[in-house]
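**Q** Below, each chain spelled out in residue letters.
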Amino acid sequence: MEIRFSEEKMNKVREIIARYPEGKQKSALIPLLHLAQDEFGGWLDVPVMDYVASLLDILPIEVYEVATFYTMFNMKPVGKYLLEVCQTGPCMLNGSDEIIDYIKEKLGIGPGETTPDGLFTLKPAECLGACGYAPMMQLGKTYREHLTKEKIDSLIEELRGAAAN
Amino acid sequence: MGIKLLLANDHIEGIRYYETYRKNGGYTTAEKAFKMSPADIVEEVKKSGLRGRGGAGFPTGMKWSFLAKPEGVPRHLVCNADESEPGTFKDRYLMEFHPHLFIEGLLISSYALGSNATYVYIRGEYAWIPDILEQAIAEAKNAGWLGKNILGSGFDCEIYVHRGAGAYICGEETALIESLEGKRGNPRMKPPFPAIQGVWMRPTVVNNVETLAAVVPIIQMGGEEYAKIGVGRSTGTKLLSVCGNVNKPGVYEIDMTCSVEEFIYSDEYCGGIPKGRSLKACIPGGSSVPIVPANLLLKTAKGETRYMNYESLSDGGFATGTMMGSGGFIVLDDAQCVVRHTMTLARFYNHESCGQCSPCREGTGWMYKILKNIEYGKGKMSDIDLLWDIQRKIEGNTICPLGDAAAWPVAAAIRHFRDEFEWHVKNPEESQTRNFGLAHYADPIHVPASA
Chain A
1 MEIRFSEEKM NKVREIIARY PEGKQKSALI PLLHLAQDEF GGWLDVPVMD YVASLLDILP
61 IEVYEVATFY TMFNMKPVGK YLLEVCQTGP CMLNGSDEII DYIKEKLGIG PGETTPDGLF
121 TLKPAECLGA CGYAPMMQLG KTYREHLTKE KIDSLIEELR GAAAN
Chain B
1 MGIKLLLAND HIEGIRYYET YRKNGGYTTA EKAFKMSPAD IVEEVKKSGL RGRGGAGFPT
61 GMKWSFLAKP EGVPRHLVCN ADESEPGTFK DRYLMEFHPH LFIEGLLISS YALGSNATYV
121 YIRGEYAWIP DILEQAIAEA KNAGWLGKNI LGSGFDCEIY VHRGAGAYIC GEETALIESL
181 EGKRGNPRMK PPFPAIQGVW MRPTVVNNVE TLAAVVPIIQ MGGEEYAKIG VGRSTGTKLL
241 SVCGNVNKPG VYEIDMTCSV EEFIYSDEYC GGIPKGRSLK ACIPGGSSVP IVPANLLLKT
301 AKGETRYMNY ESLSDGGFAT GTMMGSGGFI VLDDAQCVVR HTMTLARFYN HESCGQCSPC
361 REGTGWMYKI LKNIEYGKGK MSDIDLLWDI QRKIEGNTIC PLGDAAAWPV AAAIRHFRDE
421 FEWHVKNPEE SQTRNFGLAH YADPIHVPAS A
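Note that the protein sequences, when read in sequence, are chains A and B. In this text, residue positions in the first sequence follow the working numbering: the first is 1, and each later residue adds one. In this text, residue positions in the second sequence follow the working numbering: the first is 1, and each later residue adds one.
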């Protein structure tokens with residue numbers, strides 16, 4: 001895969017950089033890492049981070065130290081669907097442990113593992129700010145809330161169907 | 001019914017879109033504000049008694065008046081939308097359903113502070129909200145409320161949404177500033193405070209989403225009128241996000257005059273505890289504030305009714321009281337285990353420590369390990385004292401308040417629920433099959449007769 005944004009994405013990159021004062025383009029780093037992760041396979045491989053460094057005219061190490069700090073940046077490949085189930089206090093009070101156990105059992109994977117077909121990665125997460133709608137998970141750019149075992153069943157079916165098409 | 005200011009238009013369909021918001025009186029307060037001087041707006045906010053709604057409760061008007069204004073140096077308003085304190089999801093609600101109220105608050109505040117470029121730092125996980133905000137910003141700009149020479153005032157303002165990437169620590173204002181500069185979220189040593197040297201070393205004010213939204217009703221009705229709502233130094237209204245074991249979890253606006261009991265049991269708010277269970281404990285202001293048993297939640301140690309406001313919730317200090325904090329109201333019923341709940345919070349703080357200060361970096365992991373042992377029947381009696389000792393050595397010994405935030409929940413759990421911890425240690429097998437239950441945590445408190 002060639003690591004290079006399309007012209008359309010480059011326009012977005014320029015728009016993001018323009019939000020910050022002249023010479024402070026490093027401020028665009030986190031937004032650009034989001035773009036890069038979405039664009040280049042769902043995780044940040046070293047060449048991807050080096051590419052982002054070149055776009056911002058900063059040192060690669062400045063990108064590595066930031067990418068490794070923030071939970072949302074994946075430092076290794078993940079499945080097509082990353083199931084990030086919140087396990088902090090308020091979700092625990094509403095049964096998040098059972099939801100995590102159910103997913104483990106159903107998909108045959110442990111925390112941080114990916115199914116052999118490359119579709120699902122399970123990642124127990126810390127508070128995602130949906131405590132009143134617990135238990136819940138983050139799936140891509142959206143939240144799935146008020147989870148039950150039945151909802152997990154239909155969600156996995158839905159995602160398998162989407163991946164097949 | 002209590003007074004509603006921020007959620008007054010909650011029932012209006014389409015209020016998240018410009019046309020509907022405008023038809024319902026939206027941006028008329030901005031019109032009023034642009035006829036006032038920036039200094040007058042700061043004065044109204046001071047008079048209102050508004051306290052920061054992110055958790056610390058610092059007077060907003062005072063924070064604004066600290067902002068340095070050196071000649072020729074741009075200054076910035078940065079909105080802290082990094083809402084990450086477990087139990088807290090009120091800012092999400094405001095941004096998702098009332099984006100124009102929020103933008104109007106940002107606009108008036110930017111004008112008051114002289115910020116031509118204002119940034120909204122939103123937590124990365126709220127990934128769909130930047131789209132909502134950017135659409136609302138575009139609508140507002142289209143209608144002339146943002147951009148150059150707003151309403152012919154000569155004032156220019158742009159609002160930019162900046163998405164983080166998953167780090168609780170970025171809710172601390174100097175960590176947020178570092179992150180906005182494209183760095184790791186390591187809090188800065190203070191001084192200098194952001195008001196003197198903040199983002200890009202320019203004078204900066206960092207305020208919470210709800211705080212900035214509250215500026216709209218304050219300017220609309222005037223600071224003095226706003227200060228009449230509420231009680232004492234708890235002025236205005238406060239958003240509470242309720243979760244855990246209640247019938248009606250969600251976001252509520254209160255005017256800080258209702259009792260805790262009314263808040264939990266009335267149908268207007270939480271609607272009581274589900275499944276006929278009893279209230280065991282509560283963390284009323286986000287996971288960092290002290291957990292209190294049912295009896296100390298509903299009444300103070302003096303036997304007086306406790307109310308939903310800053311002063312009453314903290315009555316008795318940490319010995320018998322708690323805090324209003326961020327308004328993340330977490331309710332535990334009698335089927336819940338305080339040891340397990342505290343363990344999850346310790347895991348959270350361990351995960352979220354930035355690693356800069358050793359008491360927090362090492363202490364949070366150590367506390368989590370010990371709590372895990374106790375929870376899983378492998379604890380020793382001496383572990384409880386060790387936990388107490390560790391939290392004491394974290395508190396106050398770190399650059400930022402994350403250390404305190406990690407220490408307090410452990411301290412309060414041991415202070416009020418020590419017998420539940422001891423029961424776990426003494427009954428390692430039984431504690432794996434059942435919970436300690438309600439025990440005496442809702443019993444009436446013995447109030448010593450005054451002399």
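Hints were generated in silico from the structure; no laboratory data involved. Bear in mind that the values here come from a model prediction, so they are computed numbers and not experimental data. For glycine and all other residues, C-beta sits at the position ideal for the given N, C-alpha and C. Take these hints with a grain of salt, some might be off.
[Stated by the list, open to error] Output of the computed footprint for chain A on chain B, the stretches with three or more beta carbons under 8 Å from beta carbons of chain A:
| id | region |
| --- | --- |
| 1 | 70–84 |
| 2 | 171–183 |
| 3 | 241–247 |
| 4 | 343–349 |
| 5 | 430–439 |
**Q** To test your reading of the hints: which numbers does this structure violate?
**A** 5
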